[in-house]
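K.L.:
Sequence:
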Amino acid sequence: MSKPCFWYNAELIEGNSLSLTIDEPGFIYGATVFTTLRVYDQSLDHPLTHWTNHCHRLQSSLQAFGWQQPDWEQLRQGAQSLITLYPVLRITLFPDGRELIMGRPLPANLAQWQEQGITAWVAQSSSVKFHRCLPTQKTGNYLSPWLAKQMAQNMGALEGILVDNHGNWLETSTGNLWGWGDGQWWTPPVEAGILPGVMRSHLIEWLTCQNQRVCEEPWSPELVRQLDAIAYTNCVVEVVPIHRVIQENSERVYDPLHPVLQDLRQVHY
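Number 27 in numbering that gives the first Met the number 0 belongs to position 28 of the sequence shown; there are no gaps in the numbering.
By construction, these hints were calculated from the structure, which means they are not laboratory data. Be aware that a few hints might be false.
Claimed, not checked - Cβ pair distances, simulated, as ranges:
no., residue 1, residue 2, range
1, Glu247, Leu133, 39 to 49 Å
2, His55, Gln79, 40 to 50 Å
3, His130, Arg212, 38 to 48 Å
4, Asp254, Leu17, 38 to 48 Å
5, Ser249, Asn164, 37 to 47 Å
6, Val127, Cys214, 36 to 46 Å
7, Gln183, Thr135, 17 to 27 Å
8, Phe26, Glu204, 19 to 29 Å
9, Thr135, Gln68, 36 to 46 Å
10, Ile21, Pro46, 17 to 27 Å
11, Lys128, Cys214, 23 to 33 Å
The C-beta atom is built at its ideal place from N, Cα and C for all residues, glycine as well.
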């Protein structure tokens with residue numbers, strides 16, 4: 000790859016610097032919405048890219064906030080200009096309709112994570128409450144999940160697990176939670192205050208078509224203890240098992256090689 004480039008406001012720009020005014024709400028308040036997608040076979044129309052679903056997510060957030068819609072054809076043109084360079088695109092929209100599209104590679108250790116699982120840390124701290132702002136919308140105000148991930152890494156984990164005021168698990172810092180127990184799949188409900196990911200919706204639909212039950216209920220401490228295997232999902236990493244969870248002064252171990260996790264990954268084949 001030559002020099003890095005990105006798309007901003009109808010222009011393909013070479014480099015990695017963007018000029019914004021000092022009163023830009025997106026900079027000052029995180030007043031943006033975004034979505035991150037993985038481009039399969041360098042095609043926006045590949046069914047696993049979920050281009051339409053990602054655009055719908057953005058459109059729904061803009062409508063909810065009363066923000067200006069972008070030029071959707073221009074947005075697609077920008078994404079198209081980057082897909083031969085990057086397998087992952089982050090599309091950010093500003094309140095006035097401007098678009099920013101940035102690309103990046105897949106995580107270097109993704110295959111290892113998928114095969115061996117990762118360690119997660121339950122993000123509970125006496126000094127910080129890791130509550131997502133406007134949880135059902137993917138906005139630029141991403142401090143809580145970002146901070147949870149940074150603190151998790153300081154604990155020797157890859158992901159933080161956000162919890163509510165009752166200690167129920169909600170989601171990881173970058174994805175949705177999935178668990179297997181009592182012969183069925185479990186995932187926290189949207190009503191609990193989670194971000195409903197595109198991959199989460201796709202998995203629910205796919206599992207339902209496979210006649211597998213998906214129970215959307217809060218992940219209480221009691222439920223967590225009963226699960227045989229857990230994983231987190233998003234559109235970039237697909238399905239990643241969680242084999243170890245650190246919580247305060249204890250830890251819990253799960254089987255990253257449980258056969259049902261491989262079944263869950265079949266959605267990508």
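K.L.:
Any of the earlier hints contradicted here, and which numbers?
P.N.:
1, 2, 3, 5, 6, 8, 9 and 10
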